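Student: Heads up: the sequence lines are chains G and C, in that order. Position 69 of the first sequence, counted from 1, bears residue number 69 in my numbering, the numbering being contiguous throughout. Position 172 of the second sequence, counted from 1, bears residue number 470 in my numbering, the numbering being contiguous throughout.
These are calculated hints, taken from the structure and not from any lab test. Heads up, a few of these hints could be off.
[As the list claims (entries may be wrong)] With a cut-off of at most 27 Å between alpha-carbon atoms, the simulated DSS-like pairs for lysine-lysine come out as follows:
| no. | chain 1 | residue 1 | chain 2 | residue 2 |
| --- | --- | --- | --- | --- |
| 1 | C | LYS745 | C | LYS355 |
| 2 | G | LYS164 | C | LYS592 |
| 3 | G | LYS164 | C | LYS747 |
| 4 | C | LYS890 | C | LYS388 |
| 5 | C | LYS355 | C | LYS592 |
| 6 | C | LYS592 | C | LYS554 |
[Said to hold, decoys possible] Far from chain G by the CB rule (all over 10 Å, computed), these chain C residues:
| no. | residue |
| --- | --- |
| 7 | SER400 |
| 8 | ALA515 |
| 9 | PRO622 |
| 10 | TRP651 |
| 11 | GLU722 |
| 12 | ASP810 |
| 13 | TYR812 |
| 14 | THR839 |
| 15 | THR865 |
| 16 | LEU930 |
| 17 | LEU931 |
| 18 | LEU951 |
As the structure is a computational prediction, the values presented were derived from the model and not from experiment. Note that beta-carbon positions come from the ideal geometry of N, C-alpha and C, so glycine has one too.
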Amino acid sequence: MIWRCLLAGSRAARSFWSLAVLLYLANLLVMAAVVWILAWILAQSADSSPGLAILVDGYNATVFSDLAEQGLSYGRTVLGAFLVAAPLGVILTTALSGGTIAVLAAGKSRWSFWTFLAATIAYAGRFLRLLLLGMLLLLALGAVAAVLLIGLVAVAGWAPETEKGLLEIIGAGVVAFLLCAIVVWTAMDYARLWMVRHRARSSRQALMKAFRFVGMHPVAAGAIQLAGFTMVAGVAGAQLLFGIPWEMGTLEGIVAVVLVHQSAVLLRTGIRLGMIASQLTLVTALVPSGEQSTEPSA
Amino acid sequence: MFGREFPTLIPSMNIHLVLPISLILSSGLLAGPALGSALSPRIANYTIAVTLDVEGKTLEGHEELSWHNTSPDTITSLQFHLYLNGFRNKHSTFLRGRRGPSAELSPGDEGWIDLLSVISQENTDLTPAVRFVRPDDGNQDDSTVVEIPLARALLPGDSVVLAMRFRARLPRIRERTGYAGTFFMVAQWFPKIGVYEPAGFRGRQQGGWNCHQFHHATEFYADFGVYTVAITLPQHFVVGASGVQLAESPAGDSLKTVTFCAEDVHDFAWTASPDFVVVREQWRGVALRVLMQKQRLAQASRYTASAIAALSYLSSHLGPYPYPSLTIVDPAFRGSGAGGMEYPTLITTGTLWGMPDGVRFPEEVTVHEFTHQYWYGMVATNETEEAWMDEGLTTYYTARIMDETYGPTRSLLDLPGLRAGRGERDRSGYTRMRDPRCAPIAATTWKVKDPEFGRIVYYKTATMLATLERMIGRSAMDSVMRTYFGRWRFAHPAGRDLVATFNTLVPRLNPDRYGAGLDWFFEQILYDTVTCDFELESISTEPVQDPGGTTTRGATLDTLQSVALYTSAVTVCQRGSALLPTTVRVVFEDGKEVIEEWDGRSSSMLLRYTRPARVISAEVDPERRVLLDLNLLNNSRTTRPSNLPAWSFAARLGLILQSAVQLLAVAG
């Protein structure tokens with residue numbers, strides 16, 4: 001069953017390559033906006049200083065230090081860019097999931113953009129509510145983990161003698177949190193599938209159903225998730241081996257990194273698409289078609 | 299306060315001379331490396347027997363001090379530091395100087411030292427006359443300095459021998475000393491005599507004791523001598539100390555006594571823990587002994603490699619390291635407050651389990667603390683009054699050693715996508731201060747209350763020296779510093795002595811440029827708070843209708859042919875108040891470059907050119923010699939700005955963000 005699902009995912013990733021390209025372009029659009037804003041801020045900071053040209057040659061602590069002194073803190077810029085880009089990226093991806101699942105569920109490789117767009121619009125609100133619910137759940141989970149961790153460390157008996165002991169405790173807490181988070185993420189994936197398959201409106205009910213499904217089929221759901229994560233991590237690792245953008249000192253090098261990097265992003269988008277297709281296959285195989293939502297149709 | 303309390307502290311005072319010391323002296327343990335040929339004046343010589351009570355965190359000590367009056371004055375009293383009393387109560391001068399949590403003293407965490415008895419060599423009991431003095435602030439809650447009137451005045455050239463008993467309790471680790479579990483860092487732990495400075499010494503008007511109270515932002519100052527210290531503690535403890543180990547013998551009841559001797563040093567510190575793992579290394583006759591925490595054993599080679607790099611560099615650039623040993627202490631996790639400190643021939647470092655190789659914190663701390671062996675250890679300036687002479691010079695050499703060993707742009711951090719050099723950090727440590735004018739470098743250290751003054755002492759001094767090095771040249775700098783070190787080691791110089799060395803040597807090495815000496819530089823940067831910020835204010839160009847004239851300095855008329863001529867004006871200015879010379883590089887569109895000298899005596903300079911090519915860019919201090927410049931980005935200007943750097947930076951950041959966001963969006 002698991003193998004069949006993964007094969008189906010792999011076939012879907014190939015068949016729906018144009019959908020992967022569309023999702024990649026959406027990601028690129030957000031990033032292009034962020035890059036443009038960053039470039040603008042930097043150009044304003046030291047517009048006619050050849051000293052800034054040293055940035056072309058790579059990281060230079062002296063330049064960054066002086067930029068920071070002028071109010072352009074490197075850390076704040078990175079954090080600010082991330083805080084803007086991350087929610088935008090997540091929201092966009094979430095919103096586009098409706099169209100993605102609808103196209104995959106239809107199973108026709110010659111899909112219509114308008115079908116995609118209509119489903120995206122139809123499910124965007126519901127999926128964003130689901131996202132909010134999932135995030136709240138994760139936040140609560142994180143808070144509980146933090147309280148437990150702080151409680152344990154604060155209790156004199158648990159205070160570690162070595163930093164290794166402290167790191168082990170923190171590491172165990174982080175791993176436990178991540179495992180819980182993966183369960184929540186997985187459930188959110190299946191909740192979206194549920195909502196599209198059954199045209200359900202209630203994100204809470206969908207999430208409950210998804211938790212139940214994951215609880216009943218943990219091995220299959222976990223295997224698909226693990227396969228997806230492994231492939232994504234593999235691509236990210238290969239990307240790092242090729243080179244970190246920061247380290248490239250020449251324009252040719254930067255162009256090469258950009259090309260490799262974009263290929264990796266596209267590849268990961270395809271992997272994600274395959275994952276959703278695998279999950280869809282699993283749900284279709286395991287949930288009897290007679291099981292319907294109790295809610296009215298959208 | 300001491301006068302009132304003292305009688306009750308010692309109800310049954312033992313006035314007999316201390317037995318353990320006599321045993322040590324008669325046992326012949328002082329043979330071997332002790333009492334070799336003297337490198338220093340050996341004014342204050344100590345023989346101490348101390349017992350560590352591991353449970354009570356206390357020390358019981360017997361100290362015999364032999365002090366030699368090398369001054370032309372007759373001495374009637376001696377002054378001693380009791381540093382541990384800085385942690386006796388939260389109203390001590392030390393803790394009053396602290397702010398926030400570090401000013402607190404939790405019950406049970408106190409440290410203190412009581413002087414139980416003082417007996418002179420004539421067997422006169424001096425104890426009743428002992429009194430606390432507060433020469434700096436009169437704080438009655440501070441008991442870090444005592445004065446002991448002598449029974450007989452000490453004539454020039456005479457010596458006095460005092461036998462003292464003391465009891466001390468170590469604080470929970472803070473700053474430089476104390477305990478954490480079974481880790482003990484025992485520093486500033488015994489009654490330590492101050493320095494008697496005669497008139498004329500370090501610029502003093504009158505002779506007197508230099509024995510300051512313990513202040514939160516300052517360190518130490520003491521005379522050289524020979525220390526012989528016998529430490530009694532549980533047998534399973536591993537001990538490290540200043541100097542070399544002479545003997546180890548059982549002391550009954552699962553105890554042992556380990557005896558160390560340190561010659562030509564001005565302090566003695568030791569450490570003990572049952573958890574130390576000993577790693578040994580050797581470099582040209584210097585025995586390195588690293589006391590590692592077990593879980594960080596893999597990082598021992600980082601300590602030894604960086605210590606050897608520093609030994610090698612300083613031996614060749616300043617002078618040989620004359621001691622036979624160096625002990626490197628890796629403090630316990632809970633005792634990390636003891637890390638990053640220097641004592642004679644013993645340094646404490648610091649790292650964390652799993653520290654990546656590219657984060658060169660352990661190397662940096664090791665190099666820094668070892669470099670102190672030269673300035674704090676041998677030159678031995680007064681850290682309480684002129685901290686910059688030790689910390690600043692040490693920081694400057696730390697950057698030199700780190701940058702030379704690991705590379706100037708990656709000697710501090712060398713991680714994928716994140717690099718920084720140690721020298722770069724020194725400069726930014728100064729330029730990013732909230733107020734770089736808060737105090738002169740040479741301000742009397744213990745008097746300055748500004749919490750950022752430490753950055754002046756460390757980073758501005760280092761940046762000042764790095765600037766000086768770029769101005770006079772590396773070889774001239776090395777020559778000056780080698781001469782200064784050779785002339786003043788074991789001699790307690792003052793800041794003016796270092797300046798005088800520059801003023802003597804630099805004009806000889808470079809009479810054309812610095813014939814008048816460097817007072818103009820030091821008076822601004824060392825003794826004043828002026829700042830430097832060169833700025834390339836503007837570049838303007840306009841076509842010349844009637845070719846012909848040339849204008850002010852630097853102008854050149856290359857051709858009178860019938861080509862278009864342009865008049866270009868370049869304005870440079872000094873946004874700070876420093877008067878420092880520099881150069882300006884002007885680049886024309888035909889590729890020609892002109893280097894102009896700017897004496898820096900005015901706040902701005904206008905350069906005008908009439909040439910068949912426009913000025914397209916100009917830069918003040920293009921070789922980046924004046925690292926004291928607060929902002930290097932405004933040093934240059936171009937009429938043809940390129941967006942390429944900004945786009946390059948943004949694109950790189952964007953690529954990283956794109957991946958991060960995509961991975962995060964797996965939830966979406």
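Student: Are the hints correct? Go through all of them and say.
Tutor: Taking the hints in turn, this is what the structure says about them:
Taking the CA atoms of C:LYS745 and C:LYS355, the gap is about 33 Å. The hint is violated against a cut of 27 Å. Only pairs whose Cα atoms come within 27 Å are accepted, and G:LYS164 paired with C:LYS592 is accepted, the gap being roughly 11 Å. About 38 Å separates the Cα atoms of G:LYS164 and C:LYS747, which puts this hinted pair outside 27 Å; it is violated. For the hint linking C:LYS890 to C:LYS388, the alpha-carbon distance of about 67 Å lies beyond 27 Å, and the restraint is violated.
Proximity of C:LYS355 to C:LYS592 is assessed by CA-CA distance (about 23 Å); at most 27 Å being required, the pair is judged to hold. Note on C:LYS592 and C:LYS554: the hinted pairing holds, with a Cα-Cα distance of about 23 Å set against a maximum of 27 Å. C:SER400, annotated as away from the interface, keeps every beta carbon of chain G farther than 10 Å; the closest lies near 20 Å. Separation of C:ALA515 from chain G is adequate, the least Cβ-Cβ distance of about 25 Å exceeding the 10 Å criterion.
Separation of C:PRO622 from chain G is adequate, the least Cβ-Cβ distance of about 32 Å exceeding the 10 Å criterion. Against chain G, the non-interface label of C:TRP651 is violated: not every CB pair exceeds 10 Å, the least being about 4 Å. Distance check for C:GLU722 against chain G: the nearest CB is about 4 Å away, which does not clear 10 Å, and the non-interface claim fails. Here C:ASP810 stays apart from chain G, with its beta-carbon at least about 30 Å from theirs, past the 10 Å limit.
With a cut of 10 Å on Cβ distances, C:TYR812 stays outside the contact zone with chain G, its closest approach being about 27 Å. With a minimum CB-CB distance of about 14 Å to chain G, C:THR839 clears the 10 Å threshold, and the non-interface call stands. Listed as a non-interface residue, C:THR865 keeps its Cβ farther than 10 Å from every Cβ of chain G; the least gap is roughly 20 Å. Some Cβ of chain G comes within 10 Å of the Cβ of C:LEU930; the nearest lies about 5 Å off, and the non-interface call is violated.
The claim that C:LEU931 is not at the interface with chain G is violated, since a C-beta of that chain comes within 10 Å of its own (minimum 5 Å). Residue-level check failed: C:LEU951 sits 6 Å from the nearest beta carbon of chain G, not beyond 10 Å.
Of the hints listed earlier, those the structure fails to meet are numbers 1, 3, 4, 10, 11, 16, 17 and 18, in rising order.
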